[in-house]
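Those sequence lines, one after another, are chains A and B.
In terms of this note's numbering, the numbers along the first sequence are unbroken and rise by one, the last being 370.
In terms of this note's numbering, the numbers along the second sequence are unbroken and rise by one, the last being 740.
These are computed hints drawn from the structure, not numbers from a lab.
Keep in mind that a hint or two might mislead.
[Stated by the list, open to error] Selected chain B positions facing chain A (in silico; Cβ < 10 Å):
(1) L483
(2) L595
(3) V625
(4) A649
Think of the CB as a built atom: it goes at the ideal place given N, C-alpha and C, for glycine as much as any other residue.
2 protein chains.
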Amino acid sequence: MAICAQSPLKPINLSPHLNHPTIHKSPFTCNFSLSSKPTPTLSTEPTPTLTSVTTFAPATVANLGPGFDFLGCAVDGLGDFVSLSVDPSVHPGQLSISSISGNASSKLSKDPLLNCAGISALAAMKLLNIRSVGLSLSLQKGLPLGSGLGSSAASAAAAAVAVNSLFGSPLTHLELVHAGLESESKVSGYHADNIAPAIMGGFILIRSYEPLDLVKLEFPEVNDLYFVLVSPEFEAPTKKMRAALPKEIGMPHHVWNSSQAAALVAAVLKGDVAGLGKAMSSDKVVEPTRAPLIPGMMAVKKAAIEGGAFGCTISGAGPTAVAITDNEEKGREIGERMVEAFWKEGGLKAAAVVQKLDRVGARVVSSVPR
Amino acid sequence: MAICAQSPLKPINLSPHLNHPTIHKSPFTCNFSLSSKPTPTLSTEPTPTLTSVTTFAPATVANLGPGFDFLGCAVDGLGDFVSLSVDPSVHPGQLSISSISGNASSKLSKDPLLNCAGISALAAMKLLNIRSVGLSLSLQKGLPLGSGLGSSAASAAAAAVAVNSLFGSPLTHLELVHAGLESESKVSGYHADNIAPAIMGGFILIRSYEPLDLVKLEFPEVNDLYFVLVSPEFEAPTKKMRAALPKEIGMPHHVWNSSQAAALVAAVLKGDVAGLGKAMSSDKVVEPTRAPLIPGMMAVKKAAIEGGAFGCTISGAGPTAVAITDNEEKGREIGERMVEAFWKEGGLKAAAVVQKLDRVGARVVSSVPR
Chain A
1 MAICAQSPLK PINLSPHLNH PTIHKSPFTC NFSLSSKPTP TLSTEPTPTL TSVTTFAPAT
61 VANLGPGFDF LGCAVDGLGD FVSLSVDPSV HPGQLSISSI SGNASSKLSK DPLLNCAGIS
121 ALAAMKLLNI RSVGLSLSLQ KGLPLGSGLG SSAASAAAAA VAVNSLFGSP LTHLELVHAG
181 LESESKVSGY HADNIAPAIM GGFILIRSYE PLDLVKLEFP EVNDLYFVLV SPEFEAPTKK
241 MRAALPKEIG MPHHVWNSSQ AAALVAAVLK GDVAGLGKAM SSDKVVEPTR APLIPGMMAV
301 KKAAIEGGAF GCTISGAGPT AVAITDNEEK GREIGERMVE AFWKEGGLKA AAVVQKLDRV
361 GARVVSSVPR
Chain B
371 MAICAQSPLK PINLSPHLNH PTIHKSPFTC NFSLSSKPTP TLSTEPTPTL TSVTTFAPAT
431 VANLGPGFDF LGCAVDGLGD FVSLSVDPSV HPGQLSISSI SGNASSKLSK DPLLNCAGIS
491 ALAAMKLLNI RSVGLSLSLQ KGLPLGSGLG SSAASAAAAA VAVNSLFGSP LTHLELVHAG
551 LESESKVSGY HADNIAPAIM GGFILIRSYE PLDLVKLEFP EVNDLYFVLV SPEFEAPTKK
611 MRAALPKEIG MPHHVWNSSQ AAALVAAVLK GDVAGLGKAM SSDKVVEPTR APLIPGMMAV
671 KKAAIEGGAF GCTISGAGPT AVAITDNEEK GREIGERMVE AFWKEGGLKA AAVVQKLDRV
731 GARVVSSVPR
């Protein structure tokens, strides 16, 4: 079993393509409709093809500035693990959470109905119509809670993919996203901008929810893209972060942000890191209202840009700051400046990591065949 | 001289690549800053390399639904011509408009300071620092006025490129756009979503004005894309069309339209005509307020979609409706349905044409060397 304890923002040494042959890959654009409550998509119940499986799902950066509530991407080397096994001691069709370890494990419920991984696993089991087998799940939190790095989505993604893999991976990416959305809607709202990239990897544009329509934006492999993630020791007041959002946006800001979102997507598809950073930095709608709630954030952004980052903004609802660059060493220097700015201007201790784009998404890292 | 009279929406048989070797091509993204009043960019005044030149600039479709005020594209086969010659009878450094013919020519002023082509030509002359040569301009309007097809931008683009070509084409695309913007700002507001594609061809995203930053979005050549343009005999009340715009946009609509603009750009770059149509059709901010001001517009959109179009919206501020498809013959059928709907539901006579994307932009069609 590949479970290992991870401290917050401590990158994982993980071979991303290992044991990852079975997850269905969606095409560039995929339309798929599901009712808000998953209903079984298989007419016959599948039998397990594995005895146990361990999966990993990456951290995600949602919003990326002007992509508020519809754009997110996955970040390599940070994430959560789920181990899942067929367990004769668990009632058929049911799920038991046997253990939770790692970050903030004491804060998480072992009741599957109150746990991100549990809710998502149960939703995937429902989609698969699992009635004859009981499952036991163990969650290893690599991500800190409430950091703006898609912690709940990573647990949900790892759990859904674990269930799917255990039964031969009949579910599509979109079905897995829908299972994960069951969890996300209970924890942080009905938003797919973390769960979709956590499952599918790369950059994902959420085009609509009814029906669920996701567009994977391929960032060219030849271009280098590094995320500098700087997480301060600060609890972003989630309710405040939502309440701070403007209810109405003036037409000039609407046009501006729309054009920047469009430019951001163009930059991703062209592999234009400078353009991506510029667009990411350009949000005039959400960032200006949220940044003041995170001590030092504007100074951190300034430090990142002055340090050579192509762009910087809040990751998700924060408090993590995300900057981008095309060079790992430069990324570390930028990270140091950002950590310093959090301390000097916000009075907050912070930790920085430099990570690549995760192009794979949630995946199997080890398994035991039947 | 290749000037020929064109009736409204009568496509031009034009060889687009003929005599078009000298216009500077901009890279994918180009940053360029100019003050609002063009100032000379050349230290020495260039001498004419041609005695006379005739240029063509295409019609343009601005907005494309959620790309309101920052996205536009050029449409092949419809546009304006400008003929320009060195004229010793014109005072050095000045411009004379010798003739205006074609659509609505009687409505247009021959005073260069009150004419789109004149203003743009003078701005280009200023950029080139022309003081020793007088020029004579003749404008051939192929586009109807106030149709939502970028009529003023086509005249301005053809004029700016004519001036540039006459002097050996030292100006860049961005400088030419800036010259055209001088005209647009006086006629229809400081917007580059018509003038930029009229000059540069293809799809253009206007990322910012200060500095002027344009992103050319290459639609893959292998994919077929046809525009069905249906222009009713109706004067869109420009002031009303602007006044109808909402001043404030609720957050859900802001997020929706931003995501559709982003999806539109992704579809363009991927050559995904269906995705492009879907995004183009999805505007919840501008179209719902403007469409009711054009009799029959919503029925026309419905007819287009029912006829198999991938999407349909208002071209620019209207009244032209634009639908897209991937097949010319299908485009003609869709056009017939749209014309019928304008008549049945709006009581308006309308004419339809089916045109391809213009990838070239304003260009020289004939010239006489010195």
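key: Violated hints - listed by number, lowest first   = 1, 2
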